[in-house]
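K.L.:
The residues making up each chain are set out below.
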Amino acid sequence: MSDLILVGVNHKKTPVELRECLAFGDAEKLPFIERLRASGRIRGAVLLSTCNRVELYADPAEGTSPDHIIDAVMEVRRFPRERRDLFYVQQHKEAVQHLFRVASGLDSMVLGEPQILGQVKDAYFLARDGGAVTTPLNLLFQKAFHVAKQVRTQTGIGERPVTISYAAFNLAQGIFQDLATKRILLLGAGEMSRIVATHFVESGVRQVRVSNRTYEHGVEFARQFGAEVVRWEDFPKALIQSDIVISSTGASQPIILRPMLETVMKLRRWASLFMIDIAVPRDIEEAAGKLDGVYLYNIDDLQEVADEGLAERQKKATLAESMIASELNLYARFLEHQGLSEVIGGVMAWAAKIQDAELEEALRKLGDLNPKQQEIVRNTVRRVVHKVLHAPVTQVKRLVLEEEATHALQVFRELFPTENEPDRKAPREDR
Amino acid sequence: MTVAGNFALFFYVSAMAFALLYGGFRQRALFVLTMATAGAGFAFQTWQITEVWLHRGYPPATNLMELFQLAAWAVLALYFAMYPMTRSKILAFFLMPVVNLCYLAGMLVSGHEAAAEPKAFFFTAWFAVHIFLLVFGISFFFVSFLYAAIFIMQDHSLRHRRAPSHLPLPSLEEAERWSARLLLAGYPLFSLGMFSSILYGVLHRSGQNYRPGVLEAASVLAWVILGVAGYGWLTAKVHPRRRSWLVVAGAAFSVLIIIGIIWH
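So the sequences go chain by chain: V and A.
According to the numbering used here, the first sequence is numbered sequentially starting from 7.
According to the numbering used here, the second sequence is numbered sequentially starting from 9.
Be a bit skeptical, because a hint or two may be false.
To be verified - Straight-line alpha carbon distances no greater than 16 Å define the calculated EDC-like cross-link-like pairs of lysine to aspartate or glutamate that follow: (1) V:Lys99 to V:Glu226; (2) V:Lys272 to V:Glu234; (3) V:Lys19 to V:Asp113; (4) A:Lys245 to V:Glu268; (5) A:Lys245 to V:Asp298; (6) V:Lys243 to V:Glu268.
Bear in mind the hints are in silico, worked out from the structure with no lab data behind them.
Just chain A, same shape as in the assembly (with noise of 0.2 Å):
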């Protein structure tokens, strides 16, 4: 890892740390040490990652701590041009810790060294678009994902006849209405994500980036599932707490490409 990557990782680290003290004590300050912190481990990320694209010559993102990491990368990402419209403190609480997962987890799994012999397809434009169309699209699913854990915590708790819990979490209502929009705005995203990829095998007929495998039926899986969730959404035919199940369901999935990525 670069001199960058290590600051982006104490920044992440730190960041978490007020992240989880603004949970504890909800204290104005810690949230905007959170911000700060996140914020400046973002800039030297951003830096680490474009230090490595211009040294290499395409994304990193070709193997696992990588495709970790810039995940972590786009999630922040998503997070900070939210904020202004959501303005969830909260949501820090339920992310920095999934960030400083992806980013750390990136460091223990194996595969860490650049590809020996990269492939004509990394050096394409196609790769670029792929990967970052494919880690955007994720990150849009994640954080709907959360608002979706979040509405089904708020709606066990009221059935149960308990009044909303310690955390300041967001009402029903404002968690399905941002699970809703970030799902469909991921949606394209990582469908464009998922067919770019096979329509360079398809057009090159080379073969080799376009593989059916446990990858490729976990995404088609995990797209069938959120599309379901979107249309229900669209078509408010299904109700919230179905739909929320859903995006639960279709992350599980994209858990599942994570676990495909490691076999592929």
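Same shape as in the complex, but just chain V (with noise of 0.2 Å):
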């Protein structure tokens, strides 16, 4: 496996207020990879800053120790030294793996969102783009996208909703075919209300508006969604219009009963109307809910399809780590297979540069050969020397694919020189 090194903090060990300290905007990142790389500690790298987690994944020059990469980062950033001991440090096999797990969601703080992949992908193109990725930093990324791409696509690890504001656009696509052209109507302006509308206008939902009992409230609510208001003794005519209504009131008596919904339905045309009640008491009665085309969930509705989401994603999990261990050692035998590739090809180019040489030499000495004789001299000579390489050459190509001998191919390397090297071991020429 390659000389990887990965230096980090996550959310698992390390609180925001640490974490915030180390964070890397966009524009600081290839700086900081820059000034690592003049320093002649790493050849290249790609800096992940989330806000659960910073990580460097570096490919280190010779001699560099993860303790390095440490002082380096602390030098730049104003982190606690006696904190240290929150930078975890994972290398090689170890440090592939963990990027598999990220890239997957399987590290995060919500286990299979999907948003950290393209996270990984933004950190790694600005490297890129910055000349700081080598290439086997390229295959190591490229590798993990194609990893968390089979994760998400065969386990579905990402499919169900696991916090409630995700629950609800889940319900909510399950209902209506294109968001973006619905309406949402905010009734009351609790926090729970901001988060939930918040996710559905990330989502693409553009038309919302607000109806508080206090205009004035609704109005600063309403701003922070670049909503329209709504009075509140006018909301019973802007359900007739909206296709979600999310309510968290501090009502003592339910404000949405049964009868007052029948007419809005029948306004309606029967359209679906998806309501999602968060207030505690509720504010919509249930008997309400039970209507053709009313859609209604409270906070405990939402909170049991995010805790069904959440359990189905544990047993994906278990399926997706089993997957990540098989795309390893797929990843480290590929690998192997490359530095095989790299050291047979080195060896049989140092041959054929000796044998080349003494062809030629042998020629000059044989004089006047017709172009038949010479074509057979050379022949014998080509015919020689891959049969005196054949043999070694078959063997460690078995140890190292078959039996999984990686020492075999290093022992290879000692035994053999490479074009790169041809008088390391060259036998002396008599002459």
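Dock the two chains into a complex; use the hints.
P.N.:
Below you can see the structure in the form of structure tokens.
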């Protein structure tokens, strides 16, 4: 496996106030990597900085240890020296496995969340465009994207919602074809209501209206979404033109009763109405949810959907982990193959160089040979060289590929020089 | 069955296998294979239909096997025509087993042989028009029924506070829209197909092609129920869930039509 070094902190051990000390903005990432490269510590790196983690995947220069990289990070960031223990370090296979898990969302705070893959890609592209991605890093990240995609599509880990806002959004997707064209009505200005509405707005819903008992609070709340404000006494009329209603008022009695909603539904010509009642006590009478075309969910319903989703994701995570383990082995084999091809190619080139030199010398000494004779001599020497090398090359291939004896490659490398080091063990010529 | 028919069967069975695998794994490659094999099967079946038609001089729709197989062909033709608009990959998961069922059911029921003494009616343009309008009408109803069934499944799931199912089903809105469109498009075809046969019987006073029985009763009942569902959609006076149930009921009566054909 490559000499990869990973150093980082994440949400598991490091509190947010320390994570934010280490966070890198996009504009800061490349200069930092460049600084490390200029110091001769690394050949290249990818820096991933999200709200839950800061990780540097480095292709180290010879002699560089993880401590050197941590020192470099702490030098440019005001991170308390006594909290150095919060950094985790992984190398070689473990670092590769970590990246595969991160890209697949298995190491995320919300298990299986999809955004992290996009963030890893952004970090990679930024480094690549800045010329900081070396060949080993390029291979590693391409593989990580492939693994993450496989995990996501084959296990479906990200499909079920695990948060209340995502649960609400997911349910809405089951009702409406194009959420961007739907209209949301927010009743009340509660915090939970804001979180759920934000999820919808960030996902493309453009038409938002807010109705609050205190008009001024409603105006202030509406400003966050660029929403229109509806006077409290007009909200029943606004229901007719809305597709999604998120209610979180502080009312002690339900504000939407079945008869009111019956009238609304008739006027809506039975077009589906998705209602989220986050208030406690509830704002919408339970019986109203039984009407045709009304899909009513309270906070417990949404939590239940989210819990089911989490349980489902945890089941799928087990499958995902085994997929990652198998992909990790494949990747290790791939790198070994790549190393093997490089070494064998180098040895063959070294042998060919000696063969050509000796042939020219022999032909010069032999004097007047006709072209046919010259061809016979050339072919004979070539066959001898190939036959001599055939046995060790076949053996080393078998040992590495079939018996996974990676040390065999190292021994082979020691025994035979390559094209670039022809004089290392080349036999002295007797002239 | 002709050589082309055997090839069609082979490709349809392969397409069904890929469609079912797609439902499980949802890999794009599986869907591409589903479409490719279904397309190959469709091409072979079209060849078979043309070959038999040219040989006999009338469309191969005079016995149960041929009718079932023609229905399978029409349903698939409709899916291919709709796909660029719906982009619904999961529909193939529901549709391919039915295509295969129709194709194979046709082989399992009795009455494979061509009519020994074909009726004069078979050689008229009326017959070709009657059969193709009816078969396409039924195929529109059938796909409309699939969407209505999807609507009911989604509605049930949402009412029971469950997240949408593992299968990426279309949303309620999409299912309802397509169910309505197909019903409203299929209704005139089915009506014309049904009445063209009656009209021919009346015009030629033969009485042979118009005998009221289970077939006609079931056809008229299906026609009325689907008409009510279509009216509900056009006027928006009936809730989508009830309209979907009406489509399902209409489809059930369409099955009765097939049973009627067996008795006929």
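K.L.:
So, for every hint listed, does it hold in this structure?
P.N.:
Checked hints:
Annotation: proposed proximity of Lys99 (chain V) to Glu226 (chain V) is violated, straight-line Cα distance about 52 Å (limit 16 Å). With a CA separation close to 25 Å, the supplied pair Lys272 (chain V) and Glu234 (chain V) exceeds the 16 Å bound. This hinted pair checks out: Lys19 (chain V) and Asp113 (chain V) have alpha carbons roughly 12 Å apart, not beyond 16 Å. For the suggested pair Lys245 (chain A) and Glu268 (chain V), the alpha carbons sit about 14 Å apart, so the restraint of at most 16 Å is met.
Between Lys245 (chain A) and Asp298 (chain V) the CA atoms are separated by roughly 12 Å; this keeps the pair inside 16 Å, and the hint holds. The suggested pairing of Lys243 (chain V) with Glu268 (chain V) holds, with an alpha-carbon distance near 13 Å, which does not exceed 16 Å.
The structure does not agree with the numbered hints 1, 2 stated previously, though it agrees with the rest.
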